[in-house]
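Colleague: In order, the protein sequence lines correspond to chains X and Y. Residue numbers are given in the working numbering: position 119 of the first sequence equals residue 498, and the series is strictly consecutive. Residue numbers are given in the working numbering: position 195 of the second sequence equals residue 574, and the series is strictly consecutive.
Some hints here could point you the wrong way.
[Said to hold, decoys possible] Some but not every residue of chain X turned toward chain Y, in silico, with C-beta under 10 Å:
(1) Ser388
(2) Ala445
(3) Gly591
(4) Tyr633
[Claimed, not checked] Distance windows between CB atoms, simulated:
(5) Y:Val578 x X:Pro543: 55 to 65 Å
(6) X:Lys544 x Y:Trp520: 50 to 60 Å
(7) Y:Gly428 x X:Gly603: 17 to 27 Å
(8) Y:Tyr510 x X:Pro537: 58 to 68 Å
(9) X:Leu435 x Y:Ala387: 52 to 62 Å
(10) Y:Glu422 x X:Leu449: 35 to 45 Å
Because the hints were derived from the structure by calculation, they are not lab data. Backbone N, C-alpha and C fix where the C-beta goes; we use that ideal spot for every residue, glycine too.
Protein chains: 2
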Amino acid sequence: MSARILSASVLIPVVLLAIYLGGWFFTLALAVLVVLGQIEFFEIVRRKGYRPTENLCLGLSLTLLAIQQLYPQLANGAFVLAGGLVCVSLLFRRQPPATISDMATSLLGLFYTGYLPSFLVQLRALDGLGYLLLLTFACIWASDIGAFFFGKAFGRTPLTPISPKKTVEGAIFGTTASILVGLAGAALLGWSLWPLTGVVFGLLVGVSGLLGDLTESLMKRDVGLKDAGNLIPGHGGILDRADSYIFTAPVAFYFIDFIVLGRLPLP
Amino acid sequence: MSARILSASVLIPVVLLAIYLGGWFFTLALAVLVVLGQIEFFEIVRRKGYRPTENLCLGLSLTLLAIQQLYPQLANGAFVLAGGLVCVSLLFRRQPPATISDMATSLLGLFYTGYLPSFLVQLRALDGLGYLLLLTFACIWASDIGAFFFGKAFGRTPLTPISPKKTVEGAIFGTTASILVGLAGAALLGWSLWPLTGVVFGLLVGVSGLLGDLTESLMKRDVGLKDAGNLIPGHGGILDRADSYIFTAPVAFYFIDFIVLGRLPLP
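Here chain X stands alone, though its shape is the one from the complex (with noise of 0.2 Å):
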């Protein structure tokens, strides 16, 4: 636990850091969680004996978050792209040729540890001060916490063989913990239909957050490992720390975006 306390009090001012000064420094930042996140994913499925084409994910991994960036608008079209690359690069493998589960993980390695997280570009630069990225994060910080202690305390219920440690009580707690912090952001940030939002937005972010957590426990369980990798003390790998954030990264954006902002790009 103090090891735990000790990596965050590093870690939380660099994130706060990196959130309040946005743009390149923001991008970078994040490239570095992805990079590391994508190699310990990619150690998982080696584990599994499948040979995904890491090296071009990594590469085309940073260029989506360079995108994300420079040009949003062309982020979408430029994952296509990019998974359309990964899939006919492994054509070119000899020795023994390529297997659909090679080119499967491959193509997961892209999407869930590349592009997912890189929605936080677009999230971070909606607002000049990034409260909206801060507001996410702050519903998954209170989404973790709130399930850790109140599932330590009132925990019965398993929720999933998935992952042994969570309970019912727990998951419904962190929800609830994340909707209250969705509600008093959204009423600071004055949204339009603010209750409603809110609720609507932290509910969202809680569970996201909640099954980026078990997809990552889903596929460390399928190798048989506890931890992702060993690179924070007492925090695990990287993508222990950071599975909450992957799926709530393009949900929280296109949320905001779309039904906040109302930018929803209909005719």
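Starting from the known structure of chain X, fit chain Y onto it as the hints suggest.
Modeller: For chain Y alone, kept in the frame of chain X given last:
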């Protein structure tokens, strides 16, 4: 060969009619192909022992096709959320729990046999009469026919162990045929800088068609199959016929929309 010609003489008028009518007619005709192709893909994948989330992928692929028709500007964001849904849906599978491969092949199925071909809907919608889609198809047909006959007559050098019948000579001549058709089409349609844009378009379509073809061969080879199915007499399965169109769809759409029509959304 005669079953092949008979099937073609029924299918080609249907394809031409769907292209001519456009709109929902085209989207529905494509939806039939997408569903059949995706079922074949998942049959291939199940032969490797993986258990992808087939019904969800089919439902999401049809939804993505409908979104390409109704709100094309939302299609890319919808794919991000659909891909996320596919991943998290596997969290709820018990006995035995889902594996990384189940998740990765589900995502590959959604991407390769659902999302990539859905760009044909946007390609058809670019002009009123379907000339741009017809030109794309004409390039693929020229490439296929050119590679087949020239490869048969002069092919000596094997192209790749993935697909033993393909030769370097066939691939070069097929791509040349695609470039010639692209050049003619660009001249007829009066594309700006037509000699350049026509050659690049023909090259992109020829190469992406060949790569789509080889990608499907890689998958079949991985499970020891000759044809992906036996739906069309003399033509193998749907994927055996449709594989050339899969990567070509987004490549042709983005090239025409961004470069030829000059709608690259840069600030």
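Colleague: Could you see if the CB distance from Gly428 of chain Y to Gly603 of chain X stays within 17 to 27 Å?
Modeller: The hint (17 to 27 Å, Cβ to Cβ) holds, given that Gly428 of chain Y and Gly603 of chain X are roughly 18 Å apart.
Colleague: Given Ser388 of chain X as an interface hint, is the shortest Cβ-Cβ distance to chain Y below 10 Å?
Modeller: With a closest approach of 32 Å, the Ser388 of chain X hint is violated.
Colleague: So, as I understand it, the hint says Tyr633 of chain X touches chain Y; can you test that by seeing if any CB pair is closer than 10 Å?
Modeller: Holds, because the Cβ-Cβ distance from Tyr633 of chain X to chain Y comes to roughly 6 Å (cut-off 10 Å).
Colleague: Given the hint of 58 to 68 Å, is the C-beta distance from Tyr510 of chain Y to Pro537 of chain X inside that range or not?
Modeller: About 60 Å separates the Cβ atoms of Tyr510 of chain Y and Pro537 of chain X, which means 58 to 68 Å holds.
Colleague: Is the hinted range of 35 to 45 Å satisfied by the C-beta distance from Glu422 of chain Y to Leu449 of chain X?
Modeller: For Leu449 of chain X against Glu422 of chain Y, whose Cβ atoms are near 42 Å apart, the range 35 to 45 Å holds.
Colleague: Report holds or violated for the interface hint on Ala445 of chain X, using the least CB-CB distance to chain Y and a cut-off of 10 Å.
Modeller: violated (14 Å)
Colleague: Range hint 50 to 60 Å: satisfied by the CB atoms of Lys544 of chain X and Trp520 of chain Y?
Modeller: Once the Cβ atoms are compared, 58 Å apart, the range 50 to 60 Å for Trp520 of chain Y and Lys544 of chain X holds.
Colleague: Verify the interface restraint on Gly591 of chain X: the C-beta must sit less than 10 Å from at least one C-beta of chain Y.
Modeller: This hint holds: Gly591 of chain X lies near chain Y, its Cβ roughly 8 Å from the closest one there, short of 10 Å.
Colleague: Falls inside 52 to 62 Å, the C-beta gap from Leu435 of chain X to Ala387 of chain Y?
Modeller: Once the Cβ atoms are compared, 37 Å apart, the range 52 to 62 Å for Ala387 of chain Y and Leu435 of chain X is violated.
Colleague: Against the range 55 to 65 Å, how does the distance between the Cβ atoms of Val578 of chain Y and Pro543 of chain X compare: consistent or not?
Modeller: For Pro543 of chain X against Val578 of chain Y, whose Cβ atoms are near 60 Å apart, the range 55 to 65 Å holds.
In this structure, the hints that do not hold are numbers 1, 2, 9, in rising order.
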